[in-house]
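Visitor: Sequence:
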Amino acid sequence: HSFPTRRSSDLFEGRIREHNSQLCFDFDKCSISLPEILKESASLYKEQDMVMGVRPEDLFCRSADSDSDSNPSISATVEVVEPLGDKQEVYLQTEGNHTFVASLNPHTRVNVDDRIEVSLKAERTQLFEPGETGRNIMS
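Taken in order, the sequence shown gives residues 1 to 139; the numbers are from my numbering.
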(Lines of atoms letter the chains of each structure in order from A and count residues from 1; the text may use other names and numbers.)
(Lines give C-alpha, C1' and ligand atoms only; values in the text may rest on other atoms or scores of the structure.)
Protein backbone atom coordinates (compact mmCIF):
# COMPACT_ATOMS: atom_id res chain seq x y z
CA HIS A 1 0.00 0.00 0.00
CA SER A 2 1.11 3.54 -0.60
CA PHE A 3 0.10 6.13 1.95
CA PRO A 4 -0.14 9.88 1.65
CA THR A 5 2.60 12.13 2.85
CA ARG A 6 1.48 13.50 6.20
CA ARG A 7 -0.28 16.83 5.68
CA SER A 8 -2.44 19.12 7.76
CA SER A 9 -5.71 18.05 6.07
CA ASP A 10 -6.97 15.19 3.97
CA LEU A 11 -8.83 16.28 0.88
CA PHE A 12 -11.79 14.43 -0.56
CA GLU A 13 -12.87 15.25 -4.11
CA GLY A 14 -16.59 14.87 -4.66
CA ARG A 15 -19.87 16.52 -5.53
CA ILE A 16 -22.65 18.26 -3.60
CA ARG A 17 -25.91 16.39 -4.19
CA GLU A 18 -29.37 16.24 -2.73
CA HIS A 19 -30.71 12.88 -1.51
CA ASN A 20 -34.22 12.75 -0.03
CA SER A 21 -34.20 16.52 0.64
CA GLN A 22 -30.84 16.20 2.44
CA LEU A 23 -27.71 17.92 1.11
CA CYS A 24 -24.84 15.45 0.88
CA PHE A 25 -21.21 15.36 -0.17
CA ASP A 26 -20.74 12.32 -2.42
CA PHE A 27 -17.26 10.95 -3.03
CA ASP A 28 -15.59 7.67 -3.78
CA LYS A 29 -18.67 5.43 -3.21
CA CYS A 30 -19.47 7.35 0.02
CA SER A 31 -22.21 9.84 0.77
CA ILE A 32 -21.96 12.14 3.79
CA SER A 33 -24.98 14.12 4.97
CA LEU A 34 -23.87 17.70 5.39
CA PRO A 35 -24.46 19.20 8.83
CA GLU A 36 -26.54 22.34 9.33
CA ILE A 37 -23.42 24.51 9.64
CA LEU A 38 -22.44 23.67 6.03
CA LYS A 39 -25.87 23.57 4.35
CA GLU A 40 -26.35 27.27 3.58
CA SER A 41 -23.01 27.65 1.81
CA ALA A 42 -23.17 24.21 0.16
CA SER A 43 -26.70 24.76 -1.21
CA LEU A 44 -25.24 27.26 -3.71
CA TYR A 45 -23.07 24.47 -5.14
CA LYS A 46 -25.61 21.68 -5.73
CA GLU A 47 -24.53 19.26 -8.46
CA GLN A 48 -21.08 20.86 -8.59
CA ASP A 49 -17.70 19.29 -7.94
CA MET A 50 -16.20 20.31 -4.60
CA VAL A 51 -13.35 19.38 -2.28
CA MET A 52 -13.93 18.58 1.39
CA GLY A 53 -11.04 19.18 3.78
CA VAL A 54 -10.86 17.28 7.07
CA ARG A 55 -8.00 17.42 9.59
CA PRO A 56 -6.94 14.06 11.06
CA GLU A 57 -7.60 15.36 14.60
CA ASP A 58 -11.20 16.17 13.61
CA LEU A 59 -12.04 12.50 13.00
CA PHE A 60 -12.99 10.01 15.68
CA CYS A 61 -14.07 6.41 15.86
CA ARG A 62 -17.87 6.29 15.98
CA SER A 63 -18.10 3.44 18.51
CA ALA A 64 -15.81 5.31 20.91
CA ASP A 65 -18.17 8.28 21.28
CA SER A 66 -21.85 7.91 22.12
CA ASP A 67 -22.59 11.47 20.91
CA SER A 68 -21.28 10.76 17.43
CA ASP A 69 -24.62 9.69 15.95
CA SER A 70 -25.41 13.26 14.91
CA ASN A 71 -22.09 13.63 13.09
CA PRO A 72 -21.51 12.51 9.49
CA SER A 73 -19.33 9.42 9.16
CA ILE A 74 -17.16 7.53 6.69
CA SER A 75 -16.90 3.75 6.59
CA ALA A 76 -13.29 2.67 6.05
CA THR A 77 -10.83 -0.19 6.51
CA VAL A 78 -7.82 0.21 8.82
CA GLU A 79 -4.62 -0.13 6.79
CA VAL A 80 -1.95 0.94 9.33
CA VAL A 81 -2.00 1.83 13.04
CA GLU A 82 0.88 4.00 14.24
CA PRO A 83 0.91 4.49 18.06
CA LEU A 84 2.39 7.89 18.98
CA GLY A 85 1.89 8.11 22.77
CA ASP A 86 -0.87 10.70 23.23
CA LYS A 87 -2.60 9.63 19.99
CA GLN A 88 -2.49 7.02 17.26
CA GLU A 89 -2.32 7.83 13.58
CA VAL A 90 -4.66 5.44 11.80
CA TYR A 91 -4.37 5.15 8.03
CA LEU A 92 -7.73 4.28 6.53
CA GLN A 93 -9.06 3.35 3.11
CA THR A 94 -12.60 3.77 1.83
CA GLU A 95 -14.32 1.16 -0.35
CA GLY A 96 -13.39 3.30 -3.36
CA ASN A 97 -9.68 3.25 -2.39
CA HIS A 98 -9.37 6.80 -1.01
CA THR A 99 -6.72 6.77 1.71
CA PHE A 100 -6.82 9.23 4.61
CA VAL A 101 -5.51 9.59 8.16
CA ALA A 102 -7.33 9.90 11.49
CA SER A 103 -5.60 10.91 14.73
CA LEU A 104 -7.47 8.80 17.26
CA ASN A 105 -7.41 8.52 21.02
CA PRO A 106 -4.67 6.03 21.98
CA HIS A 107 -7.24 3.98 23.94
CA THR A 108 -9.46 3.43 20.89
CA ARG A 109 -9.00 -0.21 19.90
CA VAL A 110 -8.45 -0.59 16.18
CA ASN A 111 -6.53 -3.24 14.30
CA VAL A 112 -5.33 -3.60 10.74
CA ASP A 113 -8.15 -4.86 8.47
CA ASP A 114 -10.89 -3.69 10.89
CA ARG A 115 -13.85 -2.02 9.15
CA ILE A 116 -14.76 1.05 11.22
CA GLU A 117 -17.03 4.08 11.07
CA VAL A 118 -15.12 7.32 11.43
CA SER A 119 -17.16 10.40 12.34
CA LEU A 120 -16.26 13.95 11.38
CA LYS A 121 -16.47 16.94 13.68
CA ALA A 122 -18.96 18.72 11.46
CA GLU A 123 -18.17 22.22 12.66
CA ARG A 124 -14.51 21.74 11.66
CA THR A 125 -15.14 20.37 8.14
CA GLN A 126 -14.35 22.73 5.25
CA LEU A 127 -15.61 22.81 1.66
CA PHE A 128 -13.52 24.23 -1.17
CA GLU A 129 -13.97 24.95 -4.84
CA PRO A 130 -11.81 22.57 -6.90
CA GLY A 131 -8.88 23.81 -8.95
CA GLU A 132 -5.84 25.94 -8.34
CA THR A 133 -7.53 28.64 -6.26
CA GLY A 134 -9.40 26.23 -4.00
CA ARG A 135 -11.55 28.99 -2.47
CA ASN A 136 -13.10 28.05 0.86
CA ILE A 137 -16.86 28.42 0.35
CA MET A 138 -17.37 28.76 4.10
CA SER A 139 -15.69 32.18 4.30
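Just to be clear, a hint being listed does not mean it is correct.
[Stated by the list, open to error] Restricting the straight-line Cα-Cα distance to at most 16 Å, the calculated cross-link-like pairs of lysine to aspartate or glutamate (EDC-like) are:
| id | residue 1 | residue 2 |
| --- | --- | --- |
| 1 | Lys29 | Glu117 |
| 2 | Lys39 | Glu123 |
| 3 | Lys46 | Glu79 |
| 4 | Lys29 | Glu13 |
| 5 | Lys39 | Glu18 |
| 6 | Lys29 | Glu123 |
| 7 | Lys87 | Asp58 |
[Unchecked claim] Ranges of calculated distance between the beta carbons of each label pair, as one might list FRET restraints:
| id | residue 1 | residue 2 | range |
| --- | --- | --- | --- |
| 8 | Val80 | Glu13 | 20 to 26 Å |
| 9 | Glu18 | Glu123 | 19 to 25 Å |
| 10 | Val80 | Ser8 | 33 to 39 Å |
| 11 | Lys29 | Glu129 | 35 to 41 Å |
| 12 | Val112 | Asp28 | 18 to 24 Å |
| 13 | Glu95 | Asn20 | 17 to 23 Å |
| 14 | Glu36 | Arg109 | 29 to 35 Å |
What the hints contain is simulated information worked out from the structure, not anything from laboratory work. Glycine included, every Cβ here is placed at the ideal spot set by N, Cα and C.
Visitor: Next, verify each hint and record whether it holds.
Guide: Do the hints match the structure? See the list:
no.: 1; hint: Lys29 - Glu117; result: holds (14 Å)
no.: 2; hint: Lys39 - Glu123; result: holds (11 Å)
no.: 3; hint: Lys46 - Glu79; result: violated (33 Å)
no.: 4; hint: Lys29 - Glu13; result: holds (11 Å)
no.: 5; hint: Lys39 - Glu18; result: holds (11 Å)
no.: 6; hint: Lys29 - Glu123; result: violated (23 Å)
no.: 7; hint: Lys87 - Asp58; result: holds (13 Å)
no.: 8; hint: Val80 - Glu13: 20 to 26 Å; result: holds (22 Å)
no.: 9; hint: Glu18 - Glu123: 19 to 25 Å; result: holds (22 Å)
no.: 10; hint: Val80 - Ser8: 33 to 39 Å; result: violated (19 Å)
no.: 11; hint: Lys29 - Glu129: 35 to 41 Å; result: violated (23 Å)
no.: 12; hint: Val112 - Asp28: 18 to 24 Å; result: holds (21 Å)
no.: 13; hint: Glu95 - Asn20: 17 to 23 Å; result: holds (21 Å)
no.: 14; hint: Glu36 - Arg109: 29 to 35 Å; result: holds (32 Å)
Of the numbered hints stated above, those contradicted by the structure are hints 3, 6, 10 and 11, listed in ascending order.
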